[in-house]
Amino acid sequence: MVFSVLEWRTICLVLTIGIQLAGCNPERSNRHYSPDPAVLRIGNGTEPQTLDPHRAEGVPAANILRDLYEGLVSEAPDGQLIPGVAEHWDISEDGKQYRFYLRDNARWSNGDKLTAEDFVYSFRRSIDPKTGSSYSNVLSCIDQVEAIIRGDAPLSTLGVKALDQRTLLIQLKAATPYFLSLLTHSTTYPVHRQSVERWSGQFSRPGRLISNGAYVLDDWVIQSTITLKKNSRYWNADHTRIDTVVYHAIDDPSQELQRYWANELDWTASIPVGQVEWAKHKFGSQLQISPYLGTYYYALNVSRPPFKDQSGLRLALSMAIDRELIVDKITAAGELPAYHWVPPGVLNYQSKSSIDTALSPVQRLEKAKRLYYQAGYSEDNPLRVKLLYNTSDNHKRIALAIAAMWRKTLGVETELINQEWKVFLSQRKQLDQTQVVRSGWIADYNDAWSFLELFQSDHGMNFTGYNNPEYDALLSKAAIENSQTERQRVLQQAENLLLHDEPVIPVFFYVSKSLVKPWVQGFAANVMDHHYSKDLRISKAGHLPEPE
Amino acid sequence: MLWKYIAQRLVGAIPTLLVMIFIAFYLVHSAPGGPFDAEKEISAEVKANLDRLYQLDQPLHIQFLNYLSSLIQGDLGPSFRYRDWSVNDLIQTGFPVSLKLGVIAMSLAVVVGCMLGIVSALNRNQILDDWIRIGAVTGIAIPGFVVAPFLILFFAIWLGWLPAGGWQYNRPSDMLMPVATLALPQIAYITKLMRGSMIEVLESSYIRTAKAKGLPIYLIVLRHSIKPAILPVISYLGPASAAIITGSVVIEQIFGIPGMGRYFVQGAMNRDYTLVLGVVVLYGMLILLANLIVDLIYVWLDPKLRYE
Amino acid sequence: MPQSSILQFTEQLTTNRSSRICLWILTLIVLLVWIGPQLSAYDTSTSDFSLILSVPDLVNGHWLGTDALGRDVFSRVLHGGRVSLLVGCVATLVSIAIGVPYGAIAGFYGGRIDALMMRVVDILYTMPFMFFVILLMVVFGRNIVLIFVAIGAVNWLDMARIVRGQTLSIKNQDYMTAAKVCGASQWVMIYRHVLPNLTGVVVVYATLNVPQVILIESFISFLGLGIQEPATSWGALINSGMRDMHRAPWVLIAPAVLLSLTVLCLNMIGDSLRDVLDVRQKTV
Chain A
18 MVFSVLEWRT ICLVLTIGIQ LAGCNPERSN RHYSPDPAVL RIGNGTEPQT
68 LDPHRAEGVP AANILRDLYE GLVSEAPDGQ LIPGVAEHWD ISEDGKQYRF
118 YLRDNARWSN GDKLTAEDFV YSFRRSIDPK TGSSYSNVLS CIDQVEAIIR
168 GDAPLSTLGV KALDQRTLLI QLKAATPYFL SLLTHSTTYP VHRQSVERWS
218 GQFSRPGRLI SNGAYVLDDW VIQSTITLKK NSRYWNADHT RIDTVVYHAI
268 DDPSQELQRY WANELDWTAS IPVGQVEWAK HKFGSQLQIS PYLGTYYYAL
318 NVSRPPFKDQ SGLRLALSMA IDRELIVDKI TAAGELPAYH WVPPGVLNYQ
368 SKSSIDTALS PVQRLEKAKR LYYQAGYSED NPLRVKLLYN TSDNHKRIAL
418 AIAAMWRKTL GVETELINQE WKVFLSQRKQ LDQTQVVRSG WIADYNDAWS
468 FLELFQSDHG MNFTGYNNPE YDALLSKAAI ENSQTERQRV LQQAENLLLH
518 DEPVIPVFFY VSKSLVKPWV QGFAANVMDH HYSKDLRISK AGHLPEPE
Chain B
5 MLWKYIAQRL VGAIPTLLVM IFIAFYLVHS APGGPFDAEK EISAEVKANL
55 DRLYQLDQPL HIQFLNYLSS LIQGDLGPSF RYRDWSVNDL IQTGFPVSLK
105 LGVIAMSLAV VVGCMLGIVS ALNRNQILDD WIRIGAVTGI AIPGFVVAPF
155 LILFFAIWLG WLPAGGWQYN RPSDMLMPVA TLALPQIAYI TKLMRGSMIE
205 VLESSYIRTA KAKGLPIYLI VLRHSIKPAI LPVISYLGPA SAAIITGSVV
255 IEQIFGIPGM GRYFVQGAMN RDYTLVLGVV VLYGMLILLA NLIVDLIYVW
305 LDPKLRYE
Chain C
16 MPQSSILQFT EQLTTNRSSR ICLWILTLIV LLVWIGPQLS AYDTSTSDFS
66 LILSVPDLVN GHWLGTDALG RDVFSRVLHG GRVSLLVGCV ATLVSIAIGV
116 PYGAIAGFYG GRIDALMMRV VDILYTMPFM FFVILLMVVF GRNIVLIFVA
166 IGAVNWLDMA RIVRGQTLSI KNQDYMTAAK VCGASQWVMI YRHVLPNLTG
216 VVVVYATLNV PQVILIESFI SFLGLGIQEP ATSWGALINS GMRDMHRAPW
266 VLIAPAVLLS LTVLCLNMIG DSLRDVLDVR QKTV
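Residue numbers (my numbering), protein chains in the order written: chain A, 18 to 565; chain B, 5 to 312; chain C, 16 to 299.
I should point out that these hints are in silico values taken from the structure, not numbers from a laboratory. Cβ atoms here follow ideal geometry from the backbone N, Cα and C, with glycine treated the same way. Just so you know, not all the hints are guaranteed correct.
[As the list claims (entries may be wrong)] Result set (PhoX-like, lysine-lysine): computed pairs, CA atoms no more than 25 Å apart in a straight line: (1) B:Lys104 <-> A:Lys147; (2) A:Lys147 <-> B:Lys215; (3) B:Lys44 <-> A:Lys403.
[As the list claims (entries may be wrong)] Stretch-level coverage of chain B by chain A, calculated; a stretch enters the list once three of its residues show a Cβ under 8 Å from a Cβ in chain A: (4) 58-66; (5) 86-100; (6) 151-165; (7) 206-215; (8) 271-284.
[Said to hold, decoys possible] Over 12 Å on every C-beta distance to chain C, these chain B residues come out as not near it, computed from the model: (9) Thr20; (10) Ile27; (11) Ala42; (12) Ile76; (13) Met119; (14) Ile146; (15) Pro236; (16) Leu290; (17) Leu300.
Could you put the whole structure together from the sequences, leaning on the hints where they help?
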């Protein structure tokens with residue numbers, strides 16, 4: 018029962034060899050893998066709640082819906098807007114009226130003709146409060162939407178009308194420069210009326226779902242896979258090269274990475290935080306990193322102490338964060354350090370403000386200290402803050418790093434409060450309790466408005482308690498502004514004001530990061546990270562040599 | 005006699021089940037946050053609509069009674085998170101997966117564990133016995149979630165022999181690592197039990213008589229020792245099935261297997277009230293049933309016992 | 016009587032070679048966990064961003080390397096060990112506090128009270144208890160005190176059953192009848208005669224209970240429901256180690272080895288204690 022000296026030595030030897038092996042990774046497996054040209058296997062993050070385009074939420078569902086459905090407008094691989102179900106369209110002089118001409122050969126997957134009436138039905142369903150869509154207010158630029166959501170007007174008054182079978186008219190409240198890009202969002206997709214009515218709420222299941230995109234739903238195993246098959250009735254079906262697309266629900270990026278590594282996935286939804294450097298070394302050009310329209314930020318509650326009326330203190334905390342270090346060492350995927358709120362790459366917008374990037378890093382820290390002392394804190398009387406974030410390895414690592422920076426530069430004592438997602442969601446709303454809340458915002462559509470609207474005093478996602486009538490006025494002004502340049506100027510003013518008041522600490526701008534096997538061709542990066550399986554193919558040449 | 009006993013046990017299980025459902029119901033409903041809280045805030049009107057649709061606007065005790073009454077009709081309600089599916093649908097797809105995983109792991113544990121135990125007992129205090137015993141204690145001490153990552157690293161990533169996770173198309177290769185990880189501690193436990201009881205049986209007077217008569221050892225083991233020696237293993241099967249069910253929660257998480265354990269954890273996180281309750285009800289019944297079956301086997305094997 | 020039996024325990028224990036070694040290893044681990052963090056030049060939470068996932072190195076003082084945030088693995092593993100062992104001990108104390116009086120009362124009074132109390136235990140036994148622990152964690156958030164209580168609260172059943180069995184057999188001993196004849200009150204009998212004679216069983220099953228609890232805690236922490244940052248435990252460390260294992264296996268190996276070793280040793284010691292106890296029972 019007891020180990021002899023000799024046995025101990027063997028055990029130690031085995032352990033040492035194990036550790037050695039772990040260091041050098043012999044990897045014999047990946048050499049001879051040859052992919053199936055008909056099947057694309059995608060890692061897709063969390064399991065989508067539903068594939069009903071009007072009730073779906075989140076990126077994983079949106080990815081699948083893009084393959085299943087097609088809206089009036091679609092996107093090319095590089096993100097350019099291209100005709101979808103609408104072959105072409107006219108925009109009126111004042112920019113308020115859109116006339117869409119639908120394709121003659123647009124059909125549902127069961128062969129039914131797709132008509133302008135289908136779109137009228139779908140837009141109404143999407144906006145109808147009974148549907149329970151969380152995105153209906155995205156469409157509030159359309160005439161009468163706000164009144165309908167409030168319940169002040171009947172659905173039939175909606176500014177979406179069918180002029181004939183193939184012509185659709187959409188009337189807007191004001192000229193909205195981003196309206197066409199909005200039409201790629203799933204909340205504007207058409208749904209098949211008969212099947213929706215027949216199955217009431219539960220039509221998006223295999224065997225029931227009738228869609229109009231390049232793919233149809235073939236199989237759905239909850240918490241595992243969603244399988245799509247090529248839709249032969251799609252108007253451009255000849256262009257579709259891959260027959261089967263399998264979306265794998267894998268919550269944990271580390272697990273996803275393992276399965277990609279073992280050649281069980283062709284494409285990952287993300288890369289575990291901090292592993293990008295390693296992945297670059299390991300997978301070389303398979304690593305795809307590109308700018309993404311999203312900002313990672315900390316919201317400061319300005320409605321109660323210690324941050325109420327203390328814009329200097331808020332600025333000090335913001336300046337004490339070494340954003341370069343966070344993007345270089347913690348997230349380390351080529352994220353951009355965020356010194357302003359609206360990320361670069363947004364259409365028709367250029368951010369003009371910044372958090373003192375003119376200063377050198379050392380000067381910035383000096384200024385942060387000065388502001389901190391001015392706010393009445395010191396080493397003996399440190400600021401104590403509570404930082405709320407939701408349980409996730411990524412957020413944990415970033416929160417720990419920022420807390421360490423605050424402590425080091427200012428002496429701030431940060432209490433990390435880590436809550437599981439649902440608790441986090443209900444706690445972040447409670448302005449009488451929160452102090453600092455970890456947040457992130459990803460654009461629903463490519464426009465600065467999507468970012469700036471967040472800090473309107475009555476916006477549902479404003480978790481800072483920021484309430485500045487001047488800011489609200491600027492946004493209202495931008496909302497009805499028809500001139501592109503003037504609108505940009507007003508929005509820039511608003512962003513400037515926001516950064517001056519500092520209810521928010523932007524930390525970095527997201528990048529989309531994924532691993533794509535070399536045999537997947539036709540993949541192109543774009544700022545929205547929207548990809549369509551119909552544009553991809555799997556090279557028949559089979560396996561390309563892996564870099565080592 | 006037998007049927008009366010079974011009926012008695014089943015009726016006796018009803019209060020247990022009720023208590024279980026009651027506790028679980030109030031626990032999930034008192035968790036902070038609700039099923040419809042999401043990254044995107046929904047408007048108050050939409051929220052009210054959803055609450056009405058899922059009967060969340062009613063007082064809790066009414067909801068409880070409603071739940072019970074639909075449960076009696078075999079309806080576990082709609083899933084709050086997966087809006088297109090009912091809990092019955094989900095269990096129909098998830099349970100066979102978990103059941104398969106559990107049954108294979110359990111059979112493996114019993115067969116391998118008993119064999120190792122017998123071998124160990126027959127070679128008592130020899131080198132083989134020592135190694136088996138070391139293996140058994142180690143197997144009990146190392147939890148599945150420690151074994152699993154190493155297995156994945158070794159067999160899936162370095163060697164590329166087995167998939168790193170997933171459960172598609174019912175490939176046997178998908179099951180190998182999860183089953184092994186799940187069975188390992190149970191193999192260890194059963195080996196230990198079997199060894200102990202086998203030694204005791206082998207020392208008993210009637211076996212000594214058999215030995216004296218000159219019967220070959222394998223016949224003694226096969227004909228006379230296994231049946232009495234296996235009794236402690238049988239009575240361990242109840243706790244073992246509970247342990248395998250619990251273990252599968254983590255194993256399904258690590259290997260990405262779409263089974264009940266994963267549903268449960270995800271359901272608890274997402275406040276999918278009905279899904280959580282469905283899993284608890286199902287597993288509660290299963291454990292009750294497993295205990296009943298174990299008792300029946302026990303009585304069947306041990307003639308000294310009678311149904312009480 | 017308990018005095019001598021404990022002496023006997025230790026004597027028997029130290030004559031058994033394997034459990035002696037286990038005792039040594041365990042003592043070593045406890046000592047390490049206790050004073051080890053002071054030996055390290057680094058504390059558990061300070062990040063060194065220039066040393067992320069660095070290899071174990073005797074020269075720079077990161078004896079077990081650093082983790083993904085540049086924190087010292089050695090001191091983190093020991094701190095995690097403190098939490099794990101603490102959870103193990105405190106939850107066991109909770110289960111003793113509930114289980115011993117419960118079992119003793121049921122066994123001592125017998126009859127209807129016993130039947131009723133044991134029926135409750137039977138009902139609780141059939142619950143899928145890990146599921147309830149998970150629900151408890153979700154409901155009450157994750158504070159460490161709660162983890163103790165939750166685990167202890169569901170873990171007292173074994174203790175209650177064993178104590179009841181033992182109490183039943185003690186009740187029938189001659190000295191109990193003698194005490195009764197002498198007119199000792201029931202409380203005196205429980206306090207003077209029953210409880211001291213339970214010490215042996217309780218010690219054995221407590222020893223076996225600690226590793227169980229440590230495993231349960233790490234199981235929950237592994238699911239991400241247990242101990243929260245900046246505090247940590249072996250289960251939480253294994254969880255985060257798993258994410259980095261292909262680049263930096265030491266982050267996983269260190270807590271995994273310590274956890275397994277501790278559980279192994281405690282099991283072995285518990286087992287031989289039980290053997291010793293059996294011997295004593297035979298001689299009584």
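Hints versus structure:
no.	hint	verdict
1	B:Lys104 <-> A:Lys147	41 Å, violated
2	A:Lys147 <-> B:Lys215	81 Å, violated
3	B:Lys44 <-> A:Lys403	23 Å, holds
4	58-66	violated (count 0)
5	86-100	holds (count 7)
6	151-165	holds (count 8)
7	206-215	violated (count 0)
8	271-284	holds (count 3)
9	Thr20	5 Å, violated
10	Ile27	7 Å, violated
11	Ala42	17 Å, holds
12	Ile76	20 Å, holds
13	Met119	22 Å, holds
14	Ile146	5 Å, violated
15	Pro236	14 Å, holds
16	Leu290	8 Å, violated
17	Leu300	16 Å, holds
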